[in-house]
Amino acid sequence: MSHEPRLLEVRKNVLKQNDVIARALRDRFRSQGTYVISLVSSPGAGKTTFLEKTLTLLRPHCRVAALVGDLATENDAIRLARSGAPVRQITTGTLCHLEAAMVEHSLNDWNLGQLDLLFIENVGNLVCPASYDLGEDLRLVLLSVTEGEDKPLKYPTIFNSADAAVITKIDLAAAVEFDDLTANANIQAVRPGMSVFKVSAKTGEGMDAFLQFLAQKHARSSQKTTV
Amino acid sequence: MHELSIAMSIVDMAQEEAERRNVRVEAVHLELGALSGVVKEALLFSFEIACDGTPLEGSRLVVKDVPIEVYCPACNLPKILASMQWFCCPDCGAQTAEVIHGKELVITALELKQ
Ligand SMILES: [Zn+2]
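Those protein sequences? They're chains A and F, same order as listed.
Taking the working numbering, the leading residue of the first sequence gets 1, the next gets one more, and so forth.
Taking the working numbering, the leading residue of the second sequence gets 228, the next gets one more, and so forth.
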């Protein structure tokens, strides 16, 4: 004799705790006028080099800082500190991604009112970070020319969760026969309309266009806050 | 792999709910979106580990896959994506980034021990 299973309806969002903290962070960033950009990529995509270059170029013009998530080492934070911007490390231990609570915790004693832009460098991973809202205004996904054009098709979830893509190490594009059109088509396939920037942090190529985009986004978000 | 910490959250939440209502859990029902960033096989495997030594030990995780539903601006209708590598309307081919469903990671029900 078969029984109908007795079901008790609940409907609970498993990531609710993270989302609640992320929402509070977003409100806090907005009220302090801090525009927040997070960066995700696979390990070795050149995230830290790109961020170091970005911080160095931005620092004369606005107040910038960075939080960097790393499994164990502080190497990235030390490298980023060379830009002269305030940098803080979030050591995640065994965790393969950042969560909103870690960002909240590491910002506890920061005066956000003194910051125009805050960058959050996630742990190198193209899977897990997709699930966690960090309260950021803009999520950047980075891929290097050395990773190949099909990266977006292999990791559509993270590309879909991002707001803009940055193709790094373009000084190496010719050497690795990187096919620009295919890469762009693949990005558009998993995230139609996404802005794509091609940069070399080493030579500085493409950085201007990216920084202009960032300035526009920032300006638009400040208008929204003041209206 | 973040599935283990997600599985642990699921077990915690289900256990809390079960205790509050004074019931025993046979299975946890979950809606899992294709865009949730969570790998089903890894989650199922992690769930067993996460249940060990808790009142939920031996319970099952019943996963309902939620496909990606987008809004097609050309058809003016919601549509189910044919492939997550191709964000365009399966009927007219219009590209769209407007996701309606597919990010779910939701406990929908507890199946109770009889
Ligand atoms: Zn259509």
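Do not rely on the hints blindly, as some may be mistaken.
Said to hold, decoys possible - Distance windows between CB atoms, simulated:
(1) F/Asn303 x A/Ala174: 36 to 46 Å
(2) F/Glu296 x A/Lys224: 27 to 37 Å
(3) A/Ala209 x F/Leu231: 21 to 31 Å
(4) A/Ala101 x F/Pro294: 40 to 50 Å
(5) F/Gln312 x A/Ser31: 48 to 58 Å
(6) F/Cys302 x A/Arg79: 48 to 58 Å
(7) F/Glu268 x A/Ala174: 16 to 26 Å
(8) F/Lys291 x A/Glu104: 48 to 58 Å
(9) A/Ser31 x F/Gly320: 18 to 28 Å
(10) F/Gly285 x A/Arg11: 16 to 26 Å
(11) A/Gln212 x F/Glu246: 15 to 25 Å
(12) A/Cys62 x F/Asp318: 39 to 49 Å
(13) F/Val289 x A/Gln216: 30 to 40 Å
Unchecked claim - List of simulated lysine to aspartate or glutamate pairs, DMTMM-like, C-alpha gap at most 20 Å:
(14) F/Lys291 x A/Asp133
(15) A/Lys12 x F/Glu338
(16) A/Lys12 x F/Asp318
(17) A/Lys16 x F/Asp318
(18) F/Lys330 x A/Asp137
(19) A/Lys202 x F/Glu338
(20) A/Lys202 x A/Asp180
(21) A/Lys198 x F/Asp239
(22) A/Lys12 x F/Glu253
(23) A/Lys16 x F/Glu253
(24) F/Lys267 x F/Glu243
(25) A/Lys154 x F/Glu268
(26) A/Lys12 x F/Glu325
(27) F/Lys330 x A/Asp19
(28) F/Lys306 x F/Asp318
(29) A/Lys202 x A/Glu177
(30) F/Lys340 x A/Glu4
(31) A/Lys12 x F/Glu244
(32) F/Lys330 x A/Asp163
(33) A/Lys198 x A/Asp133
(34) F/Lys340 x F/Glu325
(35) F/Lys330 x F/Glu258
(36) F/Lys340 x A/Asp180
(37) F/Lys306 x F/Glu296
(38) F/Lys340 x F/Glu268
(39) A/Lys12 x F/Asp292
(40) A/Lys16 x F/Asp279
These are computed hints drawn from the structure, not numbers from a lab.
Note that the structure is a prediction, hence the values are computed from the model and not measured.
The beta-carbon is built from N, C-alpha and C at its ideal position, and this holds for glycine as well.
Index of numbered hints that the structure contradicts, given in increasing order
3, 4, 5, 7, 8, 9, 11, 13, 14, 16, 17, 19, 21, 23, 24, 26, 33, 34, 36, 38, 40
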